[in-house]
Amino acid sequence: MIAISPTAAAPTRYHNRRRRNGIVWVVVGMAVLVVFALVYLYPFVIQIASSFKTNPDATANPLSPVPHPVTVVNSFAKLFNGSTDFPLWTFNSLVVTLFVTGGRLFLDSLAGYALARLRFPGRGALFGGILAVMAMPGVVLMIPKFLVLNQLGIYDTYAAMILPLLADAGGVFIMKQFFETIPVSVEEAARIDGASTFQIYRSVVLPMARPALITLTILSFQGSWNEFTNMLVAVQSPNLYTLPRGLADLVSGSLGAGTQYPLKLAAALLATIPVAIVFIVFQRHFIRGANEGSTKG
Amino acid sequence: MASVSSPPVAGGAVIGGTAAANRPRRQRRRRGRYPGEALAGLLFTSPAILMLVLFLLVPILMALWVSLTKWTGQGSPFAAGVPFAGGGNYANLLTRPGLERSDFMTSIRNVLYYVVLVVPLQTGIALFLAMVLNQRRLKGKTFFRTAFYFPSVTSSVAISIVFLFMFTGGGAVNAVLRVFGIQGPSWFNDANGLVHLILGGLHIVDPDNPPGALVNHGLLGLSWWDWLSGPSVAMCAIIALVVWTTSGTFMLLFLAALQDLPADVEESSLLDGANRWQRLRYVTLPQLRPTMFLVITLGLIGSWQVFDQIFILSQGGPDKTTLSPAYLSYTTGFGDQNYPAGAAMSFVLFAIIVLMTAVQRWLLRDSDAARERKAQRALRRAQRKQEVSA
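Residue numbers (this note's numbering), protein chains in the order written: chain A, 1 to 297; chain B, 1 to 390.
Hints may contain errors.
[What the hints assert, rightly or not] Listed below are the simulated SDA-like cross-link pairs for lysine to any residue, each with C-alpha atoms no more than 20 angstroms apart in a straight line:
no.	chain 1	residue 1	chain 2	residue 2
1	B	K139	A	Q283
2	B	K139	A	V26
3	B	K141	A	W25
4	B	K141	A	A31
5	B	K141	A	F282
6	B	K139	A	L38
7	B	K139	A	V24
8	A	K78	A	P238
9	B	K141	A	H285
10	B	K141	A	V281
11	B	K139	A	V28
[Stated by the list, open to error] Just some of the chain B residues that point at chain A, by a computed CB distance under 8 angstroms:
no.	residue
12	P77
13	S156
14	V157
15	G171
The set of hints was computed from the structure by calculation and includes no laboratory data.
Just so it is clear, the structure is predicted and the values come from calculations on it, not from any experiment.
Ideal Cβ placement from N, Cα and C applies to all residues, glycine included.
With the rest of the complex left out, here is chain B (with noise of 0.2 angstroms):
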């Protein structure tokens, strides 16, 4: 209730006109300005609250039930019988050793190298295909911003049958690759990780016979080796397939700031001189940072959920090397018929996802913080000296 009354909410500036302003002050902030207010403010939002309690909060807290129990699937999980496993669940996931656990941590390794992949590449293409858009005297534009948006609004599942056409071991990647002079991989099959394969390249390591200290030492079920691989060449097709279809819908979201940006900054800095790359990187980028935020913190999130991709083109597949922890958590809830260590799995992810956030955040903007300080006691500095000095 409290909160009603609080103005900061905005369209209060908007209402509050003339007619508003005439009436008893505390009228207008309980009741609302003329009968039945409150009651119709009530009827319009219920059936969009209703949906989003039913199908959003409801499900939630159902699965929060369900992954603290054994529930097999059959009747209701809220029946008597059903037995109670506290946090077995998640113990199962997290701390004790087994099978359930080393998939899970397999999943968590794979997202971890497609997430740092995907998010640096999507960001960095969208930033750098809005600024070559924004370039004033280009011809063409509408036509490139739509080619570069277009992938974006099609249907996961139908873009991923054609990157499977295209990646397969005689497919298009690997004819154009073929142009090059290389022999390309068959991708959907080779389980082989990025970094063993460079490090075998190199004669570092031998990926066949590798290091006992790594392969016998591990963490959370899985050992060192296991951890180190990569991202598998399979997980690598799949990376290329997201980058693809992401990054025009980042480039749409950094064409609007750019074209936001006030010109002025952009002449004084010509003015000052400054070259195109000093323009770029002391005058246009520290401008797009709350873009730049935002692309991240998106890419972010929807990245740790990967799930239709995988599900079209791998399966979890070869060799675990792409099961992803939404994919594992769908596998284990509706293939194995086990609902409540896939609900616990959810939630693993859930919290991870929520952690990353606010980690990127807290980065973000203690890095800020930060600098300030170091101006301040810069400024302070050269102030004590000019003391001195007079």
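Just chain A, same shape as in the assembly (with noise of 0.2 angstroms):
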């Protein structure tokens, strides 16, 4: 192996270079990402020195990350005071998460299960199909989910912004891949002791599918509070508007004179929040989510 290396014949030498180039490229490497750091993180620290800035401040000095002077009155307290409906969107962003997401593990659970453990005719098929439909691009979809939503009579309701979002071929296929990682021992005891398809299911095989379930909770919960296109298609009344639709709405200019950045984002920053928290808190599991999401390629 030394024979093949031309720089063995001078190994301090060669050794000393390769540590100082290491520190230079320590040193580099920091730098770089600091400065990307910066651009990706500042955008987040205007918005939230924004939001308490008053309007001619944030105009005047829109890069500095300290308002002057600092209000609220300007902002938060304008979108709970009856100026915005902001209290109604919230109320409906969770409603809608919470039956999303809920409908979801219980829905790709069920199917991903059926799909990894048991025999039934068309299962491959079925899997192929899911497969395709992964890759089905979302936008194209807004206008024939519009018609169908309209067909069965449920356009404007929260029955037409939760039910298309139960259609989740990426979850099924989560839950699938993980429950094939798990020994089928256990399940069959069970079965020998007279539990049924279903019991096995709830009691056996839920349970050690904990990882699986928080990693699709948080990306149903991060796709459904975040989710726009299909509000938009789904619902009219400014009362079923969830978070995004609203702000989409402020931004088109439902709050009559003057830009109002600090009040919009403020809005932004509040709609922001929740999926921060559970990003931080949850942060592998978004990064599990994210490498298992993209396997399907």
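Put the two chains together into one complex, using the hints given.
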């Protein structure tokens, strides 16, 4: 091995150079990371600072991280005092997120379990279909979804906001992949004891699937909390707006006079906070989700 | 039915344990291994299937039908009185001269420039950040990874509002540019194309008085001068936003792939005296090919669909330079109540996305095969030479 390496003839000089090189690269690497971290995080600093600014201050000092003077009357107070429907949007977002996440957990784990463990006619074709559906570009479905919701007579209802989001091929895929990694022996034992398939799923399989269920919960939470296009085509009544739809409404000028950036930024900030908290607490599940979701390619 | 008995379905190997192996083969294949297994399988999957059929399959079929009619949005599109249009809606978009076609082609032009810039930029930045983060001796990696990934998990609408504020004429971006002595544009009001601006800046072409050869001739209802505009200044701001939000996700994919690379390959290349650049070019990048393929595919599929950001930031303006096919389809359907035309646009967009993915797949596979053929030819030549000399 030594014979191949041309530098092995002068090991100390080689190592010294490498060590010096290494330090230079670490410094360069750190500098790059810090600059990029500024680029990725400073917009959020601006957002937070501007939420506490007065309108003239926000316009005059857009870069400044310090509000001068600090005010909440201009933004946060207005969001809750009836000038906007912010509390209503939050409530609607909570309802949708709760039902979508619960529904997905149930449907995806049930179907994922069946696809991983049970033999039934059409299973292979079904799994192929699910893979194909996962590649379906979502935006293309906006008008089609509206047509179906309209035809079903549920346009402009909570059902229209929730049901289409339960079609979640990616979640079925994640659950199926997970169930295939857990050993089958426990289930066999339960079956010999006379448990039904649903009982096995309920009390043996689901408890073991906790990590995958957490990942799925987080992905569903984030997905439905942020969902915009489905809400755009599913409802039109302002009292059914969720947060993203409400924010879009604020931007498009429902506020009346002036740009009122502090108010808009404050609303966007509050809408971001729940996802931010979940993200920071469950970071590794997000990362697992991102990587698992990608294996579909 | 035939596909059920085919063994390659994953999980078969896991299930086919000792208990199942003792049973007669035919029964194991068709009916499941115990009474009611097939029924349970169907019952367990039916709710998820119902949702997928109801909100993915049926919508597509229904929209396909609507795109072939002149339905006005009143009553059911399946009612007897709805006039049939055949391929008329598609012809309006692709072959028949008129406003509909020139708008659609404008949106195609816009999104083409958008894709051409977004995909390489997000892939490049993601790969670069992953490589930097993958260095062994850096401190605070978790923090930086979180920082880069965080924009990806936030709501596209909320983050667009932040960018709307940052890219106003007197906003943060222009304040930063002013530090470097640059007078920033009024981003979302500037319809000038980047290529036009560059040509004008170099005094090759006067953008206010473009050459007649380019203005008077064109393709599909758009003059060559319009096709060659480049992304508008407003579109560049949207590109910046999208690259900023998506690169974090792709960075995670690259990072996972880098961490999975076998260490011995890297070590042996070190021993062989390969420098940093050679290791990157000949050792690391070739091993990242599958991830690269995945990232580019996901990037292409995602960027052709750009919608949310345009809805919030520019509504297709200024001067239609940020109109994307998805946004145009939405405004045509819901704004003008012209659902058939909007649905037809969706299907053309869908066809383009499928086509792009297929072309990309074919290009990458072809280059692989071509390289292999080349290597084999070289090998044969070398063998012949050896035979001759022997």
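Hints versus structure:
no., hint, verdict
1, K139/B / Q283/A, "holds, 19 angstroms"
2, K139/B / V26/A, "holds, 9 angstroms"
3, K141/B / W25/A, "holds, 15 angstroms"
4, K141/B / A31/A, "holds, 13 angstroms"
5, K141/B / F282/A, "holds, 17 angstroms"
6, K139/B / L38/A, "holds, 16 angstroms"
7, K139/B / V24/A, "holds, 14 angstroms"
8, K78/A / P238/A, "holds, 18 angstroms"
9, K141/B / H285/A, "holds, 17 angstroms"
10, K141/B / V281/A, "holds, 17 angstroms"
11, K139/B / V28/A, "holds, 12 angstroms"
12, P77, "holds, 7 angstroms"
13, S156, "holds, 6 angstroms"
14, V157, "holds, 4 angstroms"
15, G171, "holds, 5 angstroms"
Comparing the model with each numbered hint stated earlier shows that all of them hold.
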